[in-house]
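Engineer: Mapped onto the UniProt record's numbering, the consecutive letters of the sequence shown carry residue numbers 1 to 521.
Accuracy of the hints is not assured; some may be wrong.
[To be verified] Straight-line distance between alpha carbons at most 27 Å, and here's what the computed BS3-like set of lysine-lysine pairs gives:
no. : residue 1 : residue 2
1   : Lys447    : Lys476
2   : Lys304    : Lys329
3   : Lys318    : Lys329
4   : Lys369    : Lys304
5   : Lys490    : Lys476
6   : Lys467    : Lys490
7   : Lys476    : Lys465
8   : Lys459    : Lys476
9   : Lys18     : Lys76
10  : Lys490    : Lys343
11  : Lys369    : Lys318
12  : Lys343    : Lys318
[As the list claims (entries may be wrong)] Pairwise CB distance ranges (calculated):
no. : residue 1 : residue 2 : range
13  : Asp30     : Gly84     : 34 to 44 Å
14  : Gln452    : Glu487    : 17 to 27 Å
15  : Glu110    : Glu141    : 39 to 49 Å
16  : Gly216    : Glu110    : 26 to 36 Å
17  : Glu296    : His385    : 48 to 58 Å
18  : Lys329    : Arg402    : 46 to 56 Å
19  : Glu363    : Glu424    : 29 to 39 Å
20  : Arg140    : Glu72     : 26 to 36 Å
21  : Ala475    : Glu424    : 56 to 66 Å
22  : Ala19     : Arg140    : 18 to 28 Å
23  : Glu141    : Asp396    : 44 to 54 Å
24  : Asn433    : Glu487    : 38 to 48 Å
If you're looking for bench data, these hints aren't it; they were derived computationally from the structure. Model, not experiment: these values are computed from the prediction. Note that the Cβ used here is the ideal one computed from N, Cα and C, for glycine as well.
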Amino acid sequence: MRTLLIVDDEKNIRAGLKAMIERQYRDRYDVSLAADGAEALAVIGAGRIDILITDIRMPEMDGLTLIRHAAERSPKTAVIILSGHDDFSYAKEAIKFNVRDYLLKPIVREEMYGILDRVEQELGRAEDAESRLDEAGRVREELRAAQLNYIFVHPAVDPAEAAERCRSAGLQRLEPAYCVGALKFAGDRRQNVLAQEFLARSAEGRAAFHLEDQDGYLIVLTDEAELFGRLMVYLKDKSVSSAYHVGLSRMKARLEDVRAGYAEARRAAGYSLLQPRCSSSIITYESVMHRTDAPELPVDDVRKLANMLGTDREPDMKAILVRLFDLKKASEVSLDYLERLSKLLNETVFDDVFRTYGEESLEILRLYKRVGSIYHFSDIHEYFHEAENLLFRLNDYVRTVRAALGDNREMRRAVAYIEAHYAEDLNMATVSNHVSLNYSYFSELFKEFTGQSFVSYVKAVRIDKAKALLARTDAKIFEIGQSVGFENAKQFNRVFRELEGVPASEYRARRQATGHPGSGA
Numbered sequence: 001m002r003t004l005l006i007v008d009d010e011k012n013i014r015a016g017l018k019a020m021i022e023r024q025y026r027d028r029y030d031v032s033l034a035a036d037g038a039e040a041l042a043v044i045g046a047g048r049i050d051i052l053i054t055d056i057r058m059p060e061m062d063g064l065t066l067i068r069h070a071a072e073r074s075p076k077t078a079v080i081i082l083s084g085h086d087d088f089s090y091a092k093e094a095i096k097f098n099v100r101d102y103l104l105k106p107i108v109r110e111e112m113y114g115i116l117d118r119v120e121q122e123l124g125r126a127e128d129a130e131s132r133l134d135e136a137g138r139v140r141e142e143l144r145a146a147q148l149n150y151i152f153v154h155p156a157v158d159p160a161e162a163a164e165r166c167r168s169a170g171l172q173r174l175e176p177a178y179c180v181g182a183l184k185f186a187g188d189r190r191q192n193v194l195a196q197e198f199l200a201r202s203a204e205g206r207a208a209f210h211l212e213d214q215d216g217y218l219i220v221l222t223d224e225a226e227l228f229g230r231l232m233v234y235l236k237d238k239s240v241s242s243a244y245h246v247g248l249s250r251m252k253a254r255l256e257d258v259r260a261g262y263a264e265a266r267r268a269a270g271y272s273l274l275q276p277r278c279s280s281s282i283i284t285y286e287s288v289m290h291r292t293d294a295p296e297l298p299v300d301d302v303r304k305l306a307n308m309l310g311t312d313r314e315p316d317m318k319a320i321l322v323r324l325f326d327l328k329k330a331s332e333v334s335l336d337y338l339e340r341l342s343k344l345l346n347e348t349v350f351d352d353v354f355r356t357y358g359e360e361s362l363e364i365l366r367l368y369k370r371v372g373s374i375y376h377f378s379d380i381h382e383y384f385h386e387a388e389n390l391l392f393r394l395n396d397y398v399r400t401v402r403a404a405l406g407d408n409r410e411m412r413r414a415v416a417y418i419e420a421h422y423a424e425d426l427n428m429a430t431v432s433n434h435v436s437l438n439y440s441y442f443s444e445l446f447k448e449f450t451g452q453s454f455v456s457y458v459k460a461v462r463i464d465k466a467k468a469l470l471a472r473t474d475a476k477i478f479e480i481g482q483s484v485g486f487e488n489a490k491q492f493n494r495v496f497r498e499l500e501g502v503p504a505s506e507y508r509a510r511r512q513a514t515g516h517p518g519s520g521a
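Please take these sequences and the hints and turn them into a complete structure.
Structural biologist: Given below as structure tokens:
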């Protein structure tokens, strides 16, 4: 439904026009009324008006002034003026401001309907054209983003192919000098929206393009490095309080270098981890490109942390962690070093706990996955505190598990479960779940407790039960095999011979010879 505003200082004319329009065009127009220009501007300011029908001569603010202000605030509004025979000079002046037609008073309804029908057709054509332009613009932007993201994520793309893809996306205006920026926002979607609005306006008449990469960074290619400084001022004026950072590449001359520019921008943006908390910044690649790794990773300290898990040495563990991530020195090292240190901590300490003791609560698992990468955090301080939290949570967990297993209580429960369920389809997963232990850890503890693997132990229990039945009953051998948990007679006979050295039938015959019952075959 279109919106239509009627402005006239005579109440009868306003009401009459509204009635005529609503009778002729049922459900086409949402009609509003205003008695003068000031009232009309308030309506226009409150929402979109598609068609404005206004008198030329009105007190306070005349129609001409209203049309001029309306054109500034709502340039797409179609204007129809109402005039008397002596208002020709006013009507002539109004034509400058997107006036589509005029109606002479007194109003002839058929004439008004004809004008409204023509205006409706014009608005429809304009909307169709605008829609096609918008769609074409969206397609161009999507093509550009697709081509650039393909270049960014495929290292095998050679420079010539990269340049060709850039040209096909309309990026040739970037040459002969451009840079790449990578913007990282601290989880505030409003920042991203405001930045894209600013960049869209700034791109008019310049070589400036922006898109989101697959990691959610806002990537900007521009021939004007100063653009990023203006963006920071704009966001500050918009009262954006959350920290954000821009990684800025060196200037590039050729489209062939677009991937190198992207890599430099992303690398520079990565150093936002080491920036002061709650402060926004522009980090140039030149300022970080010469940072070097520490000579070697502190493997011994990380191993000590792993060995302390499950003890009461939290102060010592924290001291080691503080030494590993010395936040004063961290600002001087390269990201490569911090990446490798985080990986070492994951593999030697955190991963090993879950391999040995199994998974803990869902909350700890979420924390474990988050600590898996330093890039899950806005800064190194946040990573340090989450790693410390995970370390102490796992320390408590290991201590609890060890205390519970110290008297072999869980293993005795496992053995009792096997004694009660040996005749069923029994496997280690079922029993380890019954005693709430990780599969691999259960396997190690069970072998240590019984001296046998789980499979060997279950076989031995079943054969012992079968031997008792062979000696005490006349049941057929295949029935005995099934009753103690074997799938078929062939499997039962094979395992029986394997453990006892003789077939089940011979074992029964020997028992008979010594006077024990049991003659079934």
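Engineer: None of the hints should be skipped; say for each whether it holds.
Structural biologist: Taking the hints in turn, this is what the structure says about them:
no.: 1; hint: Lys447 to Lys476; in the structure: violated (34 Å)
no.: 2; hint: Lys304 to Lys329; in the structure: holds (21 Å)
no.: 3; hint: Lys318 to Lys329; in the structure: holds (17 Å)
no.: 4; hint: Lys369 to Lys304; in the structure: holds (22 Å)
no.: 5; hint: Lys490 to Lys476; in the structure: holds (14 Å)
no.: 6; hint: Lys467 to Lys490; in the structure: holds (16 Å)
no.: 7; hint: Lys476 to Lys465; in the structure: holds (14 Å)
no.: 8; hint: Lys459 to Lys476; in the structure: holds (20 Å)
no.: 9; hint: Lys18 to Lys76; in the structure: holds (22 Å)
no.: 10; hint: Lys490 to Lys343; in the structure: violated (51 Å)
no.: 11; hint: Lys369 to Lys318; in the structure: holds (21 Å)
no.: 12; hint: Lys343 to Lys318; in the structure: holds (18 Å)
no.: 13; hint: Asp30 to Gly84: 34 to 44 Å; in the structure: violated (28 Å)
no.: 14; hint: Gln452 to Glu487: 17 to 27 Å; in the structure: holds (21 Å)
no.: 15; hint: Glu110 to Glu141: 39 to 49 Å; in the structure: holds (46 Å)
no.: 16; hint: Gly216 to Glu110: 26 to 36 Å; in the structure: violated (59 Å)
no.: 17; hint: Glu296 to His385: 48 to 58 Å; in the structure: violated (26 Å)
no.: 18; hint: Lys329 to Arg402: 46 to 56 Å; in the structure: violated (35 Å)
no.: 19; hint: Glu363 to Glu424: 29 to 39 Å; in the structure: holds (35 Å)
no.: 20; hint: Arg140 to Glu72: 26 to 36 Å; in the structure: holds (30 Å)
no.: 21; hint: Ala475 to Glu424: 56 to 66 Å; in the structure: violated (19 Å)
no.: 22; hint: Ala19 to Arg140: 18 to 28 Å; in the structure: violated (47 Å)
no.: 23; hint: Glu141 to Asp396: 44 to 54 Å; in the structure: holds (51 Å)
no.: 24; hint: Asn433 to Glu487: 38 to 48 Å; in the structure: violated (22 Å)
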